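> Kindly generate the complete structure, drawing on both the sequences and the hints.
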Amino acid sequence: MQGAVAEWLRAQTGAEKLDITGAKLLSGGAIQENWRLDLDVRGGHLDGLEQVVLRTDAASGVDESHGRVEEFRLLSAGFEAGMTVPEPLALEPTGSVIGKPYYVMRKAAGTANPRLLTRDTVLDPHRTDLARQIGREMARLHRIRPPCPDLDFLGDAPANPAARRISELYGFLDSLPNAYPALEWGLRWLELNRPLPSPAVLCHRDFRTGNYMVSDGALTGVLDWEFAGWSDPLEDIGWFCARCWRFGSDEREAGGIGSRSDLYAGYEEEAGSPLDWSLVPYWEVLATVRWGAIALLQGERHNSGAERSIELALTGRKAAEMELDILQQIAGIERTRANV
Amino acid sequence: MFEAPGRKALVETALAAFQEDILPALDGDRKYLGLMIASALSTAVRELEADADRDGIQRVLDGFAGLYGEDNVERAGHDAEAKLDILSRDLTRELREGLYDNSLTGPVHTLLTVLAEEKLKLSNPKFLAAREYSQPTPN
Chain A
6 MQGAVAEWLR AQTGAEKLDI TGAKLLSGGA IQENWRLDLD VRGGHLDGLE
56 QVVLRTDAAS GVDESHGRVE EFRLLSAGFE AGMTVPEPLA LEPTGSVIGK
106 PYYVMRKAAG TANPRLLTRD TVLDPHRTDL ARQIGREMAR LHRIRPPCPD
156 LDFLGDAPAN PAARRISELY GFLDSLPNAY PALEWGLRWL ELNRPLPSPA
206 VLCHRDFRTG NYMVSDGALT GVLDWEFAGW SDPLEDIGWF CARCWRFGSD
256 EREAGGIGSR SDLYAGYEEE AGSPLDWSLV PYWEVLATVR WGAIALLQGE
306 RHNSGAERSI ELALTGRKAA EMELDILQQI AGIERTRANV
Chain B
142 MFEAPGRKAL VETALAAFQE DILPALDGDR KYLGLMIASA LSTAVRELEA
192 DADRDGIQRV LDGFAGLYGE DNVERAGHDA EAKLDILSRD LTRELREGLY
242 DNSLTGPVHT LLTVLAEEKL KLSNPKFLAA REYSQPTPN
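Residue numbers (my numbering), protein chains in the order written: chain A, 6 to 345; chain B, 142 to 280.
Just so you know, these hints were derived from the structure itself, not from any lab.
Every value quoted in this text rests on a predicted model; they were computed, and no experiment measured them.
Warning: the hint list may mix true and false statements.
Said to hold, decoys possible - Think about it this way: if two alpha-carbon atoms lie no more than 20 Å apart in a straight line, the pair counts; the simulated EDC-like pairs of lysine to aspartate or glutamate are:
1) B:K149 / B:E211
2) B:K260 / A:E305
3) B:K149 / B:D196
4) B:K149 / B:D194
5) A:K22 / A:E55
6) B:K262 / B:E188
7) B:K224 / B:E211
8) B:K267 / A:D255
9) B:K260 / B:D231
10) A:K22 / A:E12
11) B:K267 / A:E256
12) B:K260 / A:E316
13) A:K112 / A:E85
14) A:K112 / A:E173
15) A:K22 / A:D45
16) A:K105 / A:E55
17) B:K172 / A:E316
18) A:K29 / B:D168
19) A:K29 / B:D170
20) B:K262 / B:D168
21) B:K172 / A:D125
22) A:K112 / A:D43
Now the structure itself:
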């Protein structure tokens with residue numbers, strides 16, 4: 006199979022000679038497989054490149070996520086918008102080379118390990134710059150607006166992104182065999198407190214610590230684009246800042262890695278104007294409900310017997326953490342409102 | 142069932158041996174898997190304790206009685222788990238219908254907090270003590 010991939014990549018990139026000298030399965034993908042390929046390339050536009058990553062589907066898929074062909078287009082859109090992403094190099098959409106579609110991208114340096122990124126004191130002098138950089142990356146992404154023919158598979162942009170999200174989440178809860186009144190309560194609050202709609206932009210929708218690479222204190226690549234879609238830009242901010250994605254470093258409110266004010270400042274610097282930051286707590290509640298519902302869906306993949314996995318089983322049991330968090334977040338927002 | 146050690150003691154013993162003799166020798170992906178195994182077994186031990194001591198589910202049913210009245214909780218069935226399931230479905234439907242729209246942070250919030258706390262006593266007691274999200278979390 007390595008020979009077939011090497012020959013395909015050689016033809017794609019116009020190389021005179023391209024050999025794959027090693028392949029290693031990278032960790033951290035339940036839904037996708039990421040292979041690091043060691044290359045020996047002469048000629049063509051990858052001349053001298055030593056490593057790339059090949060991304061393809063794992064044995065199991067999640068219905069709600071995009072396939073590799075769509076993900077390649079999203080990654081390309083981010084790259085063309087000037088974001089720091091692993092440069093997409095070539096797409097094999099037909100499945101004729103290895104039996105399933107895949108694409109090849111440059112390898113981003115560093116680590117995405119959230120426990121390291123939120124706790125390593127070596128990063129402390131870089132945290133201000135890192136949070137600002139992430140803000141700038143998000144602002145670049147959010148410059149992509151519909152219509153966008155290359156991204157037509159995303160469907161129509163919602164006129165009211167929050168309403169669209171709430172309706173999807175009700176659908177998630179209705180697909181589960183048990184009732185989850187705390188998540189339902191959170192959704193009802195989200196529905197009653199829906200902000201006025203703002204125009205939808207391209208959102209990553211899984212932009213959080215663990216899904217971007219960092220090397221020497223700087224972001225080197227935004228990864229995992231399979232949930233991207235048209236939404237309110239604050240959805241990305243809320244997802245990034247929600248407490249459930251701070252990995253225990255709660256005091257660093259931007260993803261456990263930096264301060265909220267630095268994230269916002271970076272965003273404003275790139276976008277030229279702020280978003281309505283007063284609405285971020287709303288989108289953090291939505292993020293927490295969403296992660297709670299997704300955790301239950303993952304648990305259900307195990308419980309139903311569709312895919313036995315200790316990770317999926319434990320993820321389902323995590324939902325109670327999000328439930329209590331939602332109850333506390335909303336009570337806090339309501340208390341603040343009552344005191345104003 | 143017939144012999145000692147019983148199920149809880151067996152799981153506890155297996156967990157202790159795993160944590161002392163195997164987990165320290167693991168690294169990388171296997172360490173991550175090892176931590177998940179320890180977490181699953183710890184939850185199982187707490188579940189076995191809760192099966193013996195019904196305080197948790199009773200506290201939740203008392204919470205429902207505070208919202209619906211003692212009689213309505215009684216009528217929901219004989220088995221505590223089945224009762225909890227029926228009452229949770231009723232509450233979910235009522236929330237969606239808007240019955241609590243004017244009092245979301247009132248008694249229904251108190252009840253849902255009890256329910257979430259009782260779940261967490263089993264799955265992750267640290268979250269109650271320090272609002273600490275469980276580790277490992279997926280990458």
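> Would you check the hint for K267 (chain B) and E256 (chain A), treating anything up to 20 Å between C-alpha atoms as holding?
17 Å, holds
> Are K172 (chain B) and E316 (chain A) close enough, with their CA atoms no more than 20 Å apart?
13 Å, holds
> Check the hint pairing K22 (chain A) with E12 (chain A) against an upper bound of 20 Å on the C-alpha distance.
At roughly 9 Å apart (the allowed maximum being 20 Å), E12 (chain A) and K22 (chain A) satisfy the hint.
> Hinted pair, alpha-carbon criterion (20 Å max): K149 (chain B), D194 (chain B). Please report holds or violated.
13 Å, holds
> Between K262 (chain B) and E188 (chain B), does the CA-CA distance stay at or below 20 Å?
9 Å, holds
> What's the verdict on K22 (chain A) and E55 (chain A), does the C-alpha distance respect the 20 Å limit or exceed it?
The given pair, whose Cα atoms are some 13 Å apart, holds under the 20 Å limit.
> Between K22 (chain A) and D45 (chain A), is the straight-line Cα distance small enough, at 20 Å or below?
Within the cut-off at roughly 8 Å; holds.
> Can you confirm whether the C-alpha distance between K112 (chain A) and D43 (chain A) stays at or below 20 Å?
10 Å, holds
> Compare the distance between the alpha carbons of K112 (chain A) and E85 (chain A) with 20 Å, and conclude whether the hinted pair is satisfied.
17 Å, holds
> Taken at face value, is the distance from the CA of D196 (chain B) to the CA of K149 (chain B) at most 20 Å?
18 Å, holds
> Measure nothing beyond the straight line between the CA atoms of K267 (chain B) and D255 (chain A); if it is 20 Å or shorter, mark the hint as holding.
14 Å, holds
> Is the hinted pair K29 (chain A) and D168 (chain B) satisfied, with a Cα-Cα distance of at most 20 Å?
Cα-Cα ~17 Å, so holds.
Going down the numbered hints, you'll see the structure goes against 1, 14, 16 and 20, while the others check out.
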